[in-house]
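Just so you know, the protein sequences line up as chains Y and G, in that order.
The first sequence begins at 1 in the working numbering and counts up by one.
The second sequence begins at 1 in the working numbering and counts up by one.
Read the hints as simulated data drawn from the structure, not as lab findings.
Be aware that a few hints might be false.
Because identical chains cannot be distinguished in the list, a pair is counted as satisfied if it fits within a single copy or across any two copies.
[As the list claims (entries may be wrong)] For lysine-lysine, the following BS3-like pairs were computed, each having C-alpha atoms within a straight-line distance of at most 27 Å:
{"hint": "1", "residue 1": "38", "residue 2": "321"}
{"hint": "2", "residue 1": "321", "residue 2": "30"}
{"hint": "3", "residue 1": "38", "residue 2": "149"}
{"hint": "4", "residue 1": "312", "residue 2": "53"}
{"hint": "5", "residue 1": "30", "residue 2": "296"}
{"hint": "6", "residue 1": "38", "residue 2": "338"}
{"hint": "7", "residue 1": "209", "residue 2": "283"}
{"hint": "8", "residue 1": "149", "residue 2": "296"}
{"hint": "9", "residue 1": "338", "residue 2": "232"}
{"hint": "10", "residue 1": "312", "residue 2": "30"}
{"hint": "11", "residue 1": "282", "residue 2": "149"}
{"hint": "12", "residue 1": "209", "residue 2": "282"}
There are 2 protein chains.
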Amino acid sequence: MQTVSVNLGPRSYSIQIIAHETLGWLTFLKSALGHTRKLFFVSDTHTTTLMQKLRDLSLGAYECNHAIIPAGESSKSMAQFSFLLDELAEFGADRQTGVVAVGGGVIGDLAGFAAAAYNRGLPFIQVPTTLLAMVDSSVGGKVGINHPKGKNLIGAFHQPKAVWIDIGSLVTLPEREYLSGLAEVVKYGVIQDPQFFEFLEQNTAKILKRDAAILRQIVARCCRLKADVVEKDEREETGLRMILNYGHTFAHAFETVSGYGHWLHGEAVAAGMVYASRLAEKKDLIPASITERQIKLLSEFRLPVKAESGWKIPDLIEVMKRDKKAQAGRLRFILPVKLGEVRALDDVTEQQVAEVLAP
Amino acid sequence: MQTVSVNLGPRSYSIQIIAHETLGWLTFLKSALGHTRKLFFVSDTHTTTLMQKLRDLSLGAYECNHAIIPAGESSKSMAQFSFLLDELAEFGADRQTGVVAVGGGVIGDLAGFAAAAYNRGLPFIQVPTTLLAMVDSSVGGKVGINHPKGKNLIGAFHQPKAVWIDIGSLVTLPEREYLSGLAEVVKYGVIQDPQFFEFLEQNTAKILKRDAAILRQIVARCCRLKADVVEKDEREETGLRMILNYGHTFAHAFETVSGYGHWLHGEAVAAGMVYASRLAEKKDLIPASITERQIKLLSEFRLPVKAESGWKIPDLIEVMKRDKKAQAGRLRFILPVKLGEVRALDDVTEQQVAEVLAP
């Protein structure tokens with residue numbers, strides 16, 4: 001068992017990384033939740049089996065109930081948020097009731113937002129089952145839902161009480177989902193850790209084979225890197241946390257213009273990072289070689305590295321201007337200044353964005 | 001102009017208490033909001049005129065938009081929350097967009113929750129127009145909506161950037177609403193300040209006449225008393241903030257069982273305080289005289305001091321068990337131990353509650 005500690009004062013918590021184990025589950029729950037008497041599990045239609053297994057393990061110590069949400073990004077909706085709140089109320093959830101999210105980023109974000117809003121905040125446990133959720137969305141406390149006008153437009157900061165990551169869940173993950181998660185893994189190398197980027201370059205074959213030892217190393221390293229950022233800027237106030245959005249301004253635009261679900265989030269991030277890197281070249285921040293290394297690595301992971309030809313550039317830019325990172329309507333991008341370091345820039349013009357997007 | 005400072009570290013803010021003035025409005029906004037370019041006003045159908053006046057004053061410095069919500073407790077709903085988020089998205093609100101709530105507690109709670117959730121938190125200004133909102137709901141950062149299963153069941157902690165209280169708004173407030181606000185005023189005397197309780201007893205005539213000088217004193221004192229509590233327990237974590245819920249476990253049960261809107265919130269709190277005080281007598285914490293003084297003062301303010309005869313005791317108790325203050329299903333009450341001091345007790349039995357509620 002490996003543990004990553006996220007140090008946030010009274011909201012500190014730990015991430016347990018295990019492989020194919022459930023033995024420590026009850027001990028883990030008790031140490032995370034204290035006096036909780038009731039647990040409310042949330043899964044999607046793909047993670048029902050694991051959820052039921054964890055629920056059955058919990059039944060001796062807790063009164064349990066659950067909700068199963070349709071799989072897919074479209075479940076990050078006001079309707080499902082409202083549904084979960086109704087179910088919690090029906091269950092008679094009180095302030096100590098724990099919410100356990102078993103699934104990918106959609107389930108973590110949705111169940112986390114319901115946990116944040118019910119009684120102004122219920123204790124919350126993340127059990128991420130996708131690579132993307134393990135290395136990104138389950139760490140850091142951002143929860144929320146989508147709005148037709150923008151991804152993650154509605155939400156809260158609500159830190160989990162603990163995160164339980166079983167690498168074993170990755171064995172059955174569909175290939176496209178697994179590869180999508182690798183985009184965020186690559187991102188950490190570019191924004192924070194050049195050695196880690198090299199490590200990925202040197203281990204592509206093992207990574208594609210989902211070698212368990214490599215995966216544990218990767219997941220632990222990504223969680224640590226993300227925790228380092230979140231600890232310094234929990235609520236995205238100082239600006240530091242923005243570095244995690246490398247590639248995301250483009251990615252959110254791709255996802256919004258094409259309709260959520262056309263590309264997986266990681267796929268959009270992969271192409272988004274390439275365009276952000278091209279912008280950095282255009283602003284003479286980096287040599288082309290840094291973009292080329294990203295393209296090579298992302299391509300080996302069979303991830304898209306350019307936008308689809310049908311998307312209209314003005315539409316993409318319009319979405320970017322509405323992005324949460326936009327300050328008073330001005331575009332803001334996270335751009336690499338070298339491998340392992342990025343910076344927020346808001347002097348990027350629409351013209352420059354249009355140029356890098358032009359085919 | 002009078003100012004009450006709420007000291008919450010990075011979330012500190014000040015409450016400006018003025019009478020029939022709007023001169024300082026723009027200065028107030030600029031100091032509270034900094035770089036904000038856009039303002040989104042929310043009012044209800046009763047406060048539209050004041051909202052429009054403040055919006056017109058703001059137009060020189062800000063791009064403004066607004067939403068008008070039907071007056072009444074039933075607007076604290078998922079439907080209106082969702083509507084405000086749609087309107088904010090339509091307005092193209094970014095992270096700096098300020099939300100200005102002009103109205104009573106319903107508008108402050110609803111608009112505040114939309115401000116908390118949109119982009120995970122927009123800067124928020126409270127302009128309370130009812131006595132209840134001035135002395136209670138606009139101070140302390142609790143925002144939210146109701147659920148059919150419980151009042152304020154869904155929400156967040158989201159501190160305003162500043163509060164603008166114009167005592168002048170109280171002149172046109174309907175009598176029943178005004179009296180309802182006095183219930184929370186009396187509450188502060190019972191829970192924190194025996195001198196203030198005596199001050200109220202000695203000035204009932206002036207208070208009923210809405211004497212402006214008295215009202216400024218009362219509003220400033222209540223804001224200060226509430227701020228003292230909120231500063232020590234911002235997110236209801238240490239238990240101290242619970243003292244503000246004196247009378248509220250009963251009150252929420254009355255409101256839920258009778259359907260929101262039958263009694264005004266303050267009316268429910270008035271009767272709720274009397275029952276809580278009776279419980280304290282039953283547990284030998286206080287002499288009957290302390291309850292009698294509350295009954296006398298509340299009656300002079302023409303507030304109800306007992307439940308309506310049609311409400312069923314088991315139904316009321318069922319709601320109380322689902323109350324946010326209930327710990328793991330155990331009833332918890334805030335009970336006076338003397339005038340000016342209360343304590344949280346969770347050894348109250350259902351039997352004792354039923355006995356004080358029995359006609």
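Hint by hint, here is what the structure shows:
For the identical chains of this complex, residue 38 and residue 321 are inter-copy neighbours only, at 14 Å across copies versus 43 Å inside a copy, given an alpha-carbon limit of 27 Å. Proximity of residue 321 and residue 30 under a CA criterion of 27 Å is satisfied inter-copy only: 24 Å between copies versus 45 Å inside one chain copy. Taking the closest pair of Cα atoms, residue 38 and residue 149 come within 27 Å of each other only across two copies (18 Å); inside a single copy the shortest separation is 36 Å, beyond that limit. Taking CA atoms no more than 27 Å apart as the test, residue 312 paired with residue 53 passes in neither setting, with 46 Å inside one copy and 42 Å between copies.
For a Cα distance limit of 27 Å, the shortest separation of residue 30 from residue 296 qualifies neither inside one copy, at 45 Å, nor across copies, at 49 Å. When the C-alpha separation of residue 38 and residue 338 is checked against a cutoff of 27 Å, the pair qualifies neither within a copy, at 49 Å, nor between copies, at 36 Å. Within a single copy, residue 209 and residue 283 get their C-alpha atoms no closer than 38 Å, and across copies no closer than 68 Å, so neither meets the 27 Å cut-off. When the C-alpha separation of residue 149 and residue 296 is checked against a cutoff of 27 Å, the pair qualifies neither within a copy, at 33 Å, nor between copies, at 55 Å.
In this homomeric assembly, residue 338 and residue 232 come within 27 Å of each other (Cα to Cα) only inside a single copy, at 21 Å, whereas the closest approach across copies is 45 Å. Proximity of residue 312 and residue 30 under a CA criterion of 27 Å is satisfied in neither setting, with 52 Å inside one chain copy and 38 Å between copies. Neither within a single protomer nor between protomers do residue 282 and residue 149 lie at most 27 Å apart by alpha-carbon distance, with minima of 30 Å and 56 Å respectively. For a Cα distance limit of 27 Å, the shortest separation of residue 209 from residue 282 qualifies neither inside one copy, at 36 Å, nor across copies, at 70 Å.
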